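Colleague: Okay, so the sequence shown: first residue is 1 according to my numbering, each after it adds one.
Wrong hints could be hidden among the right ones.
Stated by the list, open to error - Capping the alpha-carbon separation at 20 Å, the derived lysine-lysine pairs in PhoX-like fashion look like this:
no. : residue 1 : residue 2
1   : K104      : K166
2   : K144      : K111
3   : K196      : K144
4   : K73       : K182
5   : K119      : K104
6   : K61       : K144
7   : K166      : K111
8   : K73       : K61
9   : K230      : K182
10  : K73       : K196
11  : K230      : K78
12  : K61       : K159
13  : K73       : K104
To be verified - Restraint-style ranges between C-beta atoms, simulated for each label pair:
no. : residue 1 : residue 2 : range
14  : P257      : V62       : 35 to 45 Å
15  : G134      : T252      : 12 to 22 Å
16  : D187      : K119      : 37 to 47 Å
The set of hints was computed from the structure by calculation and includes no laboratory data. Please read these numbers as outputs of a predicted model, since none were measured by experiment. C-beta: ideal position from N, C-alpha, C; glycine also.
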Amino acid sequence: MSSPPPREYAVKLTSFSPLALAAVLALAGCGGGSGTATAPATGASAAAPTTAAVIAITDGKVLAQRLNDGLTKAGSGKAVMTMSGMSSAAASGAMEGSTEFVVKGDHMDTKATMTVMGKSVEVRSIGGIMYMKGLLPAAAIGGKTWVKIDPNGTDAFSKQMAPTLKQSGDVRAQIDMYAGAKVAVVDTTNGVTHYKLTGLTAAPAASTGTASAAPQSVDIWMDAQDRPTKMSVTTPEGNVQVTYSDFGAPITVEAPPAAEVGTFSMPS
């Protein structure tokens, strides 16, 4: 049986990027932190933002930058995501997964597991290079377990996916997408502030894998240290909900053994 056309795989791979990216809101391009970073201390000294400080956030780009900085200082963390209605390829119409991330100098490494079309899929992103296991048939990747997708790779599939991977890792582009969005404070409870962003002119790639002109809204809950506790992104195509935890946890992300890694052979 011949392998499915490469475009089909490209669509599937695009749907994976939201798990890692929504969990960190474009953290990949930021510096600071380490794999064993410890989250700042919490407690009575971690006061909630003042009303004046909260109201001062009037542009989505400002809020996105604060969130990005908060995650960078945290150094690492975990997230659980549910994505519904985003991919017609998913038989159930929904995709669930969990991810762990760690800041490494000027980028972020992630490891994620998810269920796609009833299959267990694992994705690791290290230094901007993606490794994926569980979706592509072994025959399509030289009998290997993992497929490697390198934005600077010379194989045809990596070249095809390079624009998506590079866009996903461009922190400035991710933050700029929130420019001009209106920020409303919904409420503050136990030091966690709920912000609603509306009026975005394009959907962040963290929510869809590619930019979209469709109007959408973003709800972000941030603690006193500007770390997200929850995020919900709504578009006409569907919804992404992410819940965050374990900031500062000692997380390690490693590339799969080289002997288990192959590249996707494009059908002739």
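Colleague: Which numbered hints turn out to be false for this structure?
Modeller: 3, 4, 5, 6, 10, 12
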